[in-house]
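Visitor: What follows is each chain in one-letter form.
Number of protein chains: 2
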Amino acid sequence: MLDIRTELTTNPKEKPAVDELGFGHYFTDHMFIVEYTEGKGWHDAKITQYQPIPMYPSSMVFHYGQSVFEGLKAYKTVDGEVLLFRPDRNFARLNKSNERLVIPAIDEEFALEALKQLVSIDRDWVPNALGTSLYIRPFIIATEANLGVHPSKNYKFIIIMSPSGSYYKGGINPVKIMVEQQFVRAVKGGTGEAKTGGNYASALKGQEIAEKEGYAQTLWLDGKENKYVEEVGSMNIFFKINGTVITPELNGSILAGITRDSMIQVLKSKNVPVEERRISINEIVEASHNGTLEEVFGTGTAAVISPVGELKYLDEKLIINDGKIGEVSQMLYDTLTGIQNGTIEDTFGWTIKL
Amino acid sequence: MLDIRTELTTNPKEKPAVDELGFGHYFTDHMFIVEYTEGKGWHDAKITQYQPIPMYPSSMVFHYGQSVFEGLKAYKTVDGEVLLFRPDRNFARLNKSNERLVIPAIDEEFALEALKQLVSIDRDWVPNALGTSLYIRPFIIATEANLGVHPSKNYKFIIIMSPSGSYYKGGINPVKIMVEQQFVRAVKGGTGEAKTGGNYASALKGQEIAEKEGYAQTLWLDGKENKYVEEVGSMNIFFKINGTVITPELNGSILAGITRDSMIQVLKSKNVPVEERRISINEIVEASHNGTLEEVFGTGTAAVISPVGELKYLDEKLIINDGKIGEVSQMLYDTLTGIQNGTIEDTFGWTIKL
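Heads up: the protein sequence lines correspond to chains G and Y, in order.
Read left to right, the first sequence gives residues 325 to 678 (my numbering).
Read left to right, the second sequence gives residues 325 to 678 (my numbering).
Derived by calculation from the structure, the hints in this document are not laboratory data.
Do not rely on the hints blindly, as some may be mistaken.
For chains that are exact copies, the list does not tell them apart, and a pair is met inside one copy or across any two.
Here are the computed lysine-lysine pairs in the DSBU-like style, where the Cα-Cα straight-line distance is at most 30 Å [what the hints assert, rightly or not]:
#, residue 1, residue 2
1, Lys536, Lys364
2, Lys677, Lys370
3, Lys500, Lys548
4, Lys551, Lys641
5, Lys548, Lys420
6, Lys536, Lys420
7, Lys636, Lys512
8, Lys548, Lys536
9, Lys636, Lys536
10, Lys480, Lys370
11, Lys641, Lys500
12, Lys636, Lys477
13, Lys477, Lys440
14, Lys400, Lys440
Pulled out of the complex, with its shape left as it was, chain G reads as follows:
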């Protein structure tokens, strides 16, 4: 395993007040960085001060979008312990994304070791107020200074960390989402399954239009038939219809969310029927019409659960559960955040104590 050189900052920053944290705005004192050179592999791993990195304007990531990333969180328990939630899954998925984007694989065990060292060094940056966490962003960018269209010969794998405020300051409020008709996020054979910048850049336009119409997010349909549900915003989506929880199956254009997987496991453990299958927007409209659409919610690292109170499709607005959070959504939220905060026993073996 590579050695990690540690250069601690001599000039630590002041920590922001907990109610000013927001998301992704402040960064901790340190970052992890390791370089890749073709023929040499990954080398020169270090933990160093969080700071700007000099990049040639010809760096390939600026031009051809060869980049992948991950998102996970560290939580401080009521006892002051720091827990990581399923970090091994993030590094496994990073390598799946690497494969699609023709980026060399990372050593997953080494990445986890680097992450643990980094979080330990910036342990004081993990906020402990209810609902807060330390958001962790591992990412890889193509850094070869060359304009030829080919896989880069150089990369940087970096981990940065951002203390993050409570997603639900005033309680969990269901959001309104709009089914996107004009734009497409991903298609089978594309990069939808990978966590890569292009998917997010592509989604900005639909998001902008939804927001202008007063909707928080877009619900993406499949790119081929414009018929089957894929994801909502940057979350996976679940529907509770007549007692059964249904989520789109992983078909190659949907991100294999780690929160998604955790929710499915929690549902099974509570004996709630759950199905991963193709689900059309028409089935959802029908369920709404005949009164069996009981709950809709998105899942992701940032919000854990984001209940949907209204779904706009074409000219129709479907109101779900009177615009309130549903029982199963609430149960899932409580269970997962309880495990993450250490107030509920982790019978799944998901958390890693630092």
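Guided by the hints, dock chain Y onto chain G, whose structure is given.
Guide: Same frame as chain G, but now just chain Y:
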């Protein structure tokens, strides 16, 4: 119009030998850069030394791929003049890409003025050997240091320039291309029409597979039905069938190539029948079988024309024009490069003299 501050380098680089140029590897002494800040617009335009720029690791372009670019060339004529080829079209297309990627528009006239100043300053970097040129890369990247998924509040618009060797050192050799079956470059409603990094990142995997099988490029079919021809590698594609030249119509998932448009205009001026329409891979296979598939060629800024000598589809290999460059392909190549080098009169008004 914004003022452009000029800070000339005091340390000009040695110019590489013309036969070592290659593509996109060497850069001239200077670059143009202008900043965007939400609420303030574009500001602080300058021409300065080509050098690394400091970027926060949280810069949005590294994570969410919000970037667009252009590619064009400056040519040195036999008389020592420097010509730009249709640069106005590039900046118009850049703004179309900006619209799709939710990036603020640039002032096209100002961009052209900045480009002219930059090329004038580095005029000695325009190589003059046959087939060489100065490749120009305008691009915009999202620079807000924030991990929230939303359009960036800050951008940099940069122009860098790279002296570029002859694409066809040993004469024009037709390439072998493979019809891609597994991966998809773009789909209607996606970003295929925009010149943005994600399209190129997405294409690397198919390219890698094609190269392993001995093919230079992939031919992309549409993402919905996997049936209609879209582009080849990062070029537009043309087929000459029974005397008529056919190229896929601009359908929203194909890049509106400037070389493509120029070729169509040249063909019309020479009274060669030309059609922009949907064309299926089956029609091409059939034309090959019945002996009417006369020529196939890609068009783009880098190669101008890239004749295709072999097309692999499923298990079949179609040989085109005995693997040699066709008459129309050669005529188009000679005409366009003649106009670009100033040896043929530019009756189209495409070139701008510096």
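Visitor: Next, verify each hint and record whether it holds.
Guide: Here's how the hints hold up against the structure:
1. Lys536 <-> Lys364: between (49 Å within a copy, 22 Å between copies)
2. Lys677 <-> Lys370: within (23 Å within a copy, 51 Å between copies)
3. Lys500 <-> Lys548: Answer is both; intra-copy 25 Å and inter-copy 29 Å each pass.
4. Lys551 <-> Lys641: within (17 Å within a copy, 36 Å between copies)
5. Lys548 <-> Lys420: Both: 23 Å inside a copy, 24 Å across copies.
6. Lys536 <-> Lys420: Classified as between; 20 Å across copies, 35 Å inside a copy.
7. Lys636 <-> Lys512: both (25 Å within a copy, 22 Å between copies)
8. Lys548 <-> Lys536: both (26 Å within a copy, 29 Å between copies)
9. Lys636 <-> Lys536: within (14 Å within a copy, 46 Å between copies)
10. Lys480 <-> Lys370: both (12 Å within a copy, 29 Å between copies)
11. Lys641 <-> Lys500: Answer is within; shortest intra-copy Cα gap is 10 Å, inter-copy 52 Å.
12. Lys636 <-> Lys477: For lysine 636 and lysine 477, the Cα distance is within 30 Å only across copies (29 Å; inside one copy 46 Å).
13. Lys477 <-> Lys440: within (28 Å within a copy, 32 Å between copies)
14. Lys400 <-> Lys440: This pair counts as within: shortest intra-copy Cα distance 14 Å, inter-copy 56 Å.
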